[in-house]
Amino acid sequence: MTMSPQLSSDPSDFYSQSFSKGARENTLILNMGPQHPSTHGVLRVIVELDGEYIVRAEPVLGYIHRMHEFMGQKKTYTQYLPNMGRVDYLHATAWNWAYVGAVEQLAGIEVPERAEYIRVLTCEINRICSHLVWWGAYLLDLGAFTPILYAFEDREFLLDILQRVTGSRLTYCYFRFGGVYADVDDKFIDDTRTFIQRFRKRLKMYEALVTKNFILRKRCEDIGVLSVQTARKYGCTGPVIRGSGVPYDVRRAVPYSVYPELDFEIPTFSEGDAMARYMVRLKEMEQSLRIMEQVMDRMPDGDIQGKTPKTLKPPKGETYFAVEGARGKIGVHLVSDGSATPYRVKLRAPGYSNLSCFAELSKGTLIADAVSILGSLDLVIPEIDR
Amino acid sequence: MIPNIAQSLKAEAMVECDPKTGQAVQLRVTAEQLLPAAETLDAAGYFLEDVSGVDVQDGFELNYHFDHVQTPGRITLRLMASHDDPKAPSLALLIPGADWHERECYDFFGVDFKGHPDLKALLLEPGTEPPLIRDAKSRIPAFELSLVYPQPEPEAADDEEAKKAAAKAKAKEKAAAKAKEKAAKADEANPESAAAKPEAATDGEQAEAETPEAKPAEADKQEGAEQ
Amino acid sequence: MTSIKNALAGLWSLVVGMGITGKYFTAPLVTVFYPRQEAENIETYRGHVELVGKEDEAGVPLCIACGQCARQCPSQCITVSAKVAPADPAESKDGKPAKPKRLKTPGVFQLDYNLCSLCGQCVQVCPVDSLRYSNNVYFAVFTRQETNIDLLERLERQAKEGK
Amino acid sequence: MINPEYYPLVRMVIFLVAMMAFVGLNALVLVYAERKIAGHVQRRPGPFHVGWHGLLQPLADAGKLMAKQLLTPWSSDKLLFWAAPLLSFLPVILLFLPIPFGETLYGLNVNLGVVLILAFSGLNVLALCLAGWASNNKYGLLGAARAVAQSVAYEIPLLISVLTVALMSGSLDLHAITVQQGAWPWQWYGVLNPLAFFIYFISILGETNRAPFDLPEGESELTAGFHTEYSGMGFGMFFLSEYANMVVVCCVASILFLGGYQGPIESGWWWFLLKVYALLFIIIWMRWTFPRVRFDQLLNINWRWLTPLALLNLVGTVIVLRLAG
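Residue numbers (the numbering used here), protein chains in the order written: chain S, 649 to 1034; chain A, 19 to 245; chain R, 402 to 564; chain G, 2 to 326.
You may find that some hints are simply not true.
[Unchecked claim] The calculated lysine to aspartate or glutamate pairs, modelled on EDC-like cross-linking and capped at a C-alpha distance of 20 Å, are: (1) S:Lys931 / S:Asp951; (2) S:Lys931 / S:Glu919; (3) G:Lys139 / S:Asp661; (4) A:Lys28 / A:Glu57; (5) A:Lys105 / A:Glu34; (6) S:Lys931 / S:Glu855; (7) G:Lys37 / S:Glu801; (8) R:Lys406 / S:Glu673; (9) A:Lys138 / S:Asp661; (10) S:Lys669 / A:Asp136; (11) S:Lys961 / A:Asp36; (12) A:Lys138 / S:Glu1008; (13) G:Lys139 / S:Glu696; (14) R:Lys424 / S:Asp911; (15) G:Lys139 / S:Glu869; (16) S:Lys881 / A:Asp60; (17) S:Lys866 / G:Asp297; (18) S:Lys723 / A:Asp153; (19) A:Lys105 / A:Glu30; (20) S:Lys835 / R:Glu456; (21) S:Lys964 / A:Glu34; (22) S:Lys881 / A:Glu57; (23) G:Lys139 / S:Asp698; (24) R:Lys424 / S:Glu801; (25) S:Lys964 / A:Asp36; (26) S:Lys866 / G:Glu220.
Derived from the structure by calculation, the hints contain no laboratory data.
Generate the whole structure from the sequences, applying the supplied hints.
Written as C-alpha cells, this is what we have:
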C-alpha cells in the first residue's frame, strides 16, 4: 500500500506520543476529539482500549484556551466583566456573580437588597437553563435525540425571560459592582410564575419519558461510581460530589447574598454513579423553582445599584469569593495592587476539578460507559480551558 | 476564628484572616513543610480547591486553597518559589486533584513541581513561554498581599496612604527613606526576607506610577469635571 | 422472578415513553417559521448600541463627544472624535492663528460590531444618555468591513425615516 | 402479448428492475418520513422549505449525495473499501424476489422463500465488516466488530421465531404462509403467537441496526462507526441498503405475522404496504424515543432473554400444535 508523502511520517502529536509511551501490548489507542460528538465541543480524550474496555484514559485540554486570567491583568475591573459571561456560557450569571462578588468583597461595596434578590432570581433561572442543556446533551450522548429538543423548548421560555432583563440570551453581562444592570418588571415576574407552573408539569413528563426509562437506567446505574473519598481528593464539587452523598453546596456552606433567608434543600444521592448525578440535577431544578418562588414573594422595592466609585480601585490585598454554579463551586481569587487593573485573577472552574477524576472513573469501563460518565460530569469545555 | 487543624500544622507563620479576604487562615510554609501540612489537611477531610500562583517581587507565590465540605473555612498554604529557579514539591501523588492544578501553574508560571508524575503542558502548547510572569517593574511585594509575610512598620503603611492622598514628590522621598530604615530594622529581626525588603519600599513608588490602563480612568474624572 | 418482573416493568416504561413522544407527535408545533414569521420577543433584545437624537432635532445626537464610552469599552470597539470648528481668524492673537475649536458634538462615531461584546458599559457610562441599545436583530453582512457601523449616519437615517 | 407467467426469467428481470425503482423510491419516502416524524415528535416541522411541506427534500438530499466527491482514505484497502457499499446494497434487491406483494405480484415463486431471504440477508453483515475493516479507521473497525457480533447474535432469535411460524403453517413458502392466515387480525400468526412476533420485532431492530440498537454506527461513541470514512454515494449506498433492509424485514414481518396482502374487505397490495409502513412507522417512532443500549447489554438482551424465550416459544408452539392436532 502506498503512503501519501505528507503523512508518511508519524502524524501523532506531543500528547499522543507521550500517552502511547505507557501503552501495553495488544491494545488500541483511540483518539476521541477534539472533534467528537460526545466530547462536548473541544475536549480531547486519548484512550487505550483492550477490545472495547478502557485501560487508560487521558483528557487533553486547551483547545479553547483563551487565557482569561491574562486578560484579567490587562483590563480594568469593569472592562473584565464581559469576560465572565464567556467563561461558562451555560451558567454565565454565576460567573458574573463570582467575579462581581470578589470585587465587592475586596472593595467593600454594599449591594442593595433588591439587587441581591434579583441576582438570586436570575442566577437560579440560569441554573435551570444550564441543567436543561445538560439534560438534553447527556441524553444525546446516550443516543436519545428527542429530549434535548424538549429541554430547549423549556429553556426558550427562560431565555425569553432572561432576555427581558439582561438583553441577551446566552453570554450575560448583567451583574455590576454593587448591583445589577437593569431592574426586573412585572411582566418578568408574571412570566417567571407562569413558567414555574408549566415547568413543574414538564418535570413530571421528563421523569416519565426519560428518568424511568429502562434503557436509560441501565446506561446510568452503577456507571462511573465515584466514592466520597475520591470525589474529595479530586476536589469535585457541585452535583458531582452531591451525587456521592455529600451535601456540599456553597449556597449553604458559605452562604452569600440572601440565600440564608431562603428555604431550599440540597438534594443528595449516595450511590455516586451517573444516575445519582443525573437525579441530583433534576432535583436541583425543582429546588431552583422553589427558590425562585420565594424570591419573587419577598423581593423588596428599592435600588438595584449601590454606590460605587466611578473608577474602581480596590485597596491592596487579596480575596477569594466562591459561589455555587450549576457545575459546582466557582471561585475567584483576586489580588489587587491598588490600581484600576486587577493584579491577578485566578478563576477556579468547577468543571476543571470534576473532569480531572475522569481518568480514574473511566478505567475498566466500556467506551459507551466512558461517554456516559463524561456526560454525567456535566462539562463545559470553555470553562475548563478558560 | 482559626480552625483547630491549622494550629497543628507546622508553618513559618500563621495569621487569622479578615473575612473580606474570604479565607479563614493563611499559613506561610516552606517547601519541606508543604507536604506534611497538605497530608494533615487531607487526612482531616479537606479538599484542594485550587493552586493559584501570583507573581510577586519575592518570587512566585503559590496559594494552595483548602476547604472542608462540612466545616467551611478556607485554609491557605502559601509557598514562595523563587524567580530564578521556580520549584515546589508536588502534591499530585498525595491529592490526585492537585495534578492538573500543578500542571496549570507549570503552564502559566513555569514552576517545576518536583515529584509530579507527569508534568507537562496542560492548557498551553508545550514549550510556550509562561504567560503570567510579570515584568519586574510591575511586581508588588508579597507583604502587601498577606499578613503572613513580615510587614513593614506602621509608618510605612502611613506613608502609602500619604502617597495616595497627595502626589507630592518630596513627601514621597522622605517617606521612602523612612521606610527603608524601618525595613532594615525589621530585617534584623527577620533575616529571611532581608533581600526582599528594600525592594519593597522602593516599589511603593513604582506602584504610584500606575499601569497604563488606569490612565483613561483618571481622564474620566477630568472629563466629568468639564461637564 | 424479580428479574422477569423488572424486565416487564422496564418494557412498560418503554411503552410509556412511546406514549409521550406519540402525544407530542400529534401536538402542535412550537417553532417559528422564521422567514415568514418573526419571534415575538424582539423588542426586549438588546443589539448593538445606537445614538439617541435630540428631542427637537432628531438627526443630531445628544452626544457631547467626551469619549468616555470609547475608554470604558472592554474591546475598544467605539471610535469617537469631536467635530472640529475651523479656526476663527478674529480670535487670532499676536499674529498666531487661533487653535481649531473642539465642538461638543461628534464628528465621527463608529462602532466596530465585530469586537463588541454587548456588555452595555458604554450605555451606562454615557453622561448625557446619548447611547442606547438598538434591537437590530437581523444584522447580517457579507464582509467584515460592513460590521463597522457609522452610528451618526444611522441616526440621520432613522430620523429621516421617522419623519 | 407475452404472458410473463410463462417466462420466469423475464418476470424476474422485470421485477428486479421494478424493485430497484421501488427501493430507490422507498428510500426517498422513508427519508422524508423519518425526518418528518422526528420533526413532529420534537415539535418542529422537519423539512419544510423544499417543495410543499418539504416533499422534495429527499430528492435534494439524494442530489447532494450523488454530487459529492468520493474520498478514499490514503491508507485504506481501496478495492475492499469500494466493494463494501456495493456488497451491502446489491443483495438487498434479491431479497425482494420471493416476497408476495399481492396475490400475483411477486418476482419469483419459490417454495423456500423464507430460507432465501434469511440466506441473503446474512450477506449484509459481511459488507459492514468489510467497510469497517477496509477503511483502516479505528472507529470503523470498532463499528465493524460490533456489527458482526450483533448481526450474528440477533439472527438466532430471528430464525427461531421465523421457524415457529413455519411450524405453525407447515410451510416455508411465503405465499402459502400468507394464504393460511385469514383476512382478519385474529387469524394472523402475530395475534395467535404474539411472543414470536415480539421476538421477531426486537430481533429485526438488532439485525437492521436501528435505534435503540444502532451500535455499529452509534455516533456518540464511534462518530459514525463502520461508515465513518465514506462520503457521497459510498455513504448513500449504506443508507439505501439500511432502508431497503428495513423494508424487507418489515415485509417479512407483515407476511409471517400480519397476514401479508390479505386484509378485511378487499385484499390486495395496499394492505401489504399499509402493514409494512405501519411497522416502519413504529420503528422510526422508537428511534426518536429511546436512548441507545450499551453493547454488552445488547448482547445480554439477546442471549439471556430473546434466544431462550424464542426457544421456549418454539417448544411451546410445537406442544400446542401437537395437542391441537
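Verification of the hints:
no. : hint                 : in the structure
1   : S:Lys931 / S:Asp951  : violated, 33 Å
2   : S:Lys931 / S:Glu919  : holds, 15 Å
3   : G:Lys139 / S:Asp661  : holds, 17 Å
4   : A:Lys28 / A:Glu57    : holds, 11 Å
5   : A:Lys105 / A:Glu34   : violated, 27 Å
6   : S:Lys931 / S:Glu855  : holds, 11 Å
7   : G:Lys37 / S:Glu801   : holds, 18 Å
8   : R:Lys406 / S:Glu673  : violated, 44 Å
9   : A:Lys138 / S:Asp661  : holds, 13 Å
10  : S:Lys669 / A:Asp136  : holds, 12 Å
11  : S:Lys961 / A:Asp36   : holds, 19 Å
12  : A:Lys138 / S:Glu1008 : holds, 19 Å
13  : G:Lys139 / S:Glu696  : holds, 12 Å
14  : R:Lys424 / S:Asp911  : violated, 36 Å
15  : G:Lys139 / S:Glu869  : violated, 28 Å
16  : S:Lys881 / A:Asp60   : holds, 8 Å
17  : S:Lys866 / G:Asp297  : holds, 11 Å
18  : S:Lys723 / A:Asp153  : holds, 17 Å
19  : A:Lys105 / A:Glu30   : holds, 18 Å
20  : S:Lys835 / R:Glu456  : violated, 29 Å
21  : S:Lys964 / A:Glu34   : holds, 18 Å
22  : S:Lys881 / A:Glu57   : holds, 11 Å
23  : G:Lys139 / S:Asp698  : holds, 13 Å
24  : R:Lys424 / S:Glu801  : holds, 16 Å
25  : S:Lys964 / A:Asp36   : holds, 13 Å
26  : S:Lys866 / G:Glu220  : holds, 19 Å
In this structure, the earlier hints numbered 1, 5, 8, 14, 15 and 20 are contradicted, and the remaining ones agree with it.
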